[in-house]
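Student: Sequence:
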Amino acid sequence: MTARVLVVDDVIQNVKLLEAKLSSEYFDVLTAMNGEEALAVIEKEQPDLVLLDVMMPGMDGFEVCRRIRQNPASSHIPVVMVTALDQPKDRVAGLEAGADDFLTKPVQDLPLFARVRSLVRLKVLMDELRMRETTGMNFGLHIANDAGKNINLSNARTLLVEDYARVAERIKRYLDGLTRVDIDAVENGEITTEGLEKYDLFIVSLSLANADGLRLCSHLRSMERTRHTPILVLVDEGDDAQMVRAMDMGVNDYITRPVDSNELVARVKSQIRQKRYANRLRRNMKKSMEMAMTDAVTGLYNRHFLSSHLDNLMSPENDKRRTVSVLMMDIDHFKPINDKYGHASGDEVLYEFAQRISDNIRSIDLAARFGGEEFVVVMPETDLEFAYFVAERLRKSICNEPFEISGSDEPINVTVSIGVAISGDKNLSSSKLLVAADKALYQAKETGRNRVCGYEQ
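In the working numbering, the protein residues as written are 1 to 457.
The hints are simulated quantities; they were obtained by calculation from the structure and are not laboratory data.
As the structure is a prediction and not an experimental result, all values here were calculated from the model.
Be aware that one or more of the hints could be misleading.
As the list claims (entries may be wrong) - Per label pair, the in silico range of CB-to-CB distance:
1. Asp239 / Leu178: 23 to 33 Å
2. Glu190 / Arg356: 45 to 55 Å
3. Arg282 / Phe305: 36 to 46 Å
4. His333 / Gln70: 24 to 34 Å
5. Asp239 / Phe305: 49 to 59 Å
6. Met33 / Glu96: 24 to 34 Å
7. Leu178 / Glu381: 46 to 56 Å
8. Met59 / Thr193: 25 to 35 Å
Said to hold, decoys possible - Pairs of lysine to aspartate or glutamate residues, derived as DMTMM-like cross-links and limited to a Cα-Cα distance of at most 20 Å, are as follows:
9. Lys340 / Glu385
10. Lys396 / Asp425
11. Lys275 / Glu263
12. Lys105 / Glu224
13. Lys198 / Glu224
14. Lys335 / Asp365
15. Lys340 / Asp409
16. Lys269 / Asp90
C-beta: ideal position from N, C-alpha, C; glycine also.
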């Protein structure tokens with residue numbers, strides 16, 4: 001996977017070295033010699049990842065990282081600190097400033113490439129989620145726009161896979177107060193804990209005595225319910241081969257033994273925050289999709305989605321299009337209900353009407369609000385006799401039980417007129433089928449309302 005990487009260092013030899021290494025792996029490299037220049041390049045070019053030196057004159061790397069994170073336009077860009085400092089407190093300072101990782105000079109090729117590819121994969125995923133959220137907002141769908149801010153870390157749960165009891169208890173103690181840690185010692189090479197989807201993070205030791213830690217990571221990454229849950233692995237210092245293999249298979253982060261408590265806490269916080277950020281983006285995306293497809297008052301599908309669905313059913317490539325039935329219904333005398341009881345009560349009638357439709361159709365049928373007080377039910381693989389039966393059942397469910405509304409002390413009576421049409425030689429397109437159902441509905445209204453009529457071809 002290629003990407004644009006910004007290398008920031010005040011020493012030209014370091015810049016050229018990293019540029020050569022990354023270019024050899026087919027990354028597109030941008031460069032900057034100081035913090036101010038780096039921020040300007042980020043604003044203009046929006047790179048996929050920043051390799052940032054810590055020790056620079058003027059604005060150091062920690063301050064540059066903080067400014068990247070404070071800017072909504074760049075807060076999602078992964079940052080890797082690169083420095084000669086190798087103390088745990090230095091790594092923690094970088095992580096607390098918002099860095100995603102911390103590499104020590106001289107930078108080794110394998111850890112560098114593994115980290116860059118892993119973070120670029122994560123950014124691609126986050127960019128896709130952010131783009132879909134933005135698309136929903138551009139269509140006028142109001143959804144939360146603070147996904148990158150104020151991420152709540154409370155009630156987080158972590159599963160620690162470690163079979164050395166003393167190490168497991170020590171890690172659990174380190175994380176006390178940040179996340180609830182459940183420990184799985186792993187028996188027979190399988191994770192034994194139930195309900196894996198409830199966890200915000202998996203911490204997996206790659207030095208398990210009776211199991212292959214990498215295989216467990218692969219299993220977690222391949223299951224649908226844990227595919228998006230971050231994994232942090234515990235790696236023996238100097239074991240670059242296992243670390244690289246773990247990162248290549250989709251592990252999110254690693255920490256080397258002996259484990260520093262502050263660094264562990266910083267990395268765990270970062271992973272949980274990223275996971276909840278991604279979850280919020282996914283929820284917003286799902287909400288925007290639902291809002292684009294459904295009617296706000298009734299919760300049924302809207303006319304646009306109905307048209308797309310019916311077009312697909314009536315496509316010439318669909319060999320079952322001759323057995324599609326449509327019910328078109330109109331609430332009788334709905335305008336007087338609005339005029340007498342108010343529009344809020346009218347909306348209550350529409351909502352309850354929609355619920356009764358849903359209660360009386362099959363799971364394969366689709367109900368939609370067509371507009372105003374008109375509704376449509378599309379019934380695939382349904383003959384005319386069964387369509388009439390469902391329509392009559394719907395009619396009775398409306399007229400036999402009065403509607404309770406807030407604008408009236410007594411329940412009010414509501415009736416519906418329904419037109420039925422089935423695809424055939426003259427109705428082999430969605431538009432013609434809807435026209436036929438509408439003509440049948442008009443006939444039901446003209447002949448007394450509160451009845452079902454079919455369209456005769």
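Student: What are the numbers of the hints that this structure violates, sorted from low to high?
Tutor: 3, 4, 8, 9, 10, 12, 14
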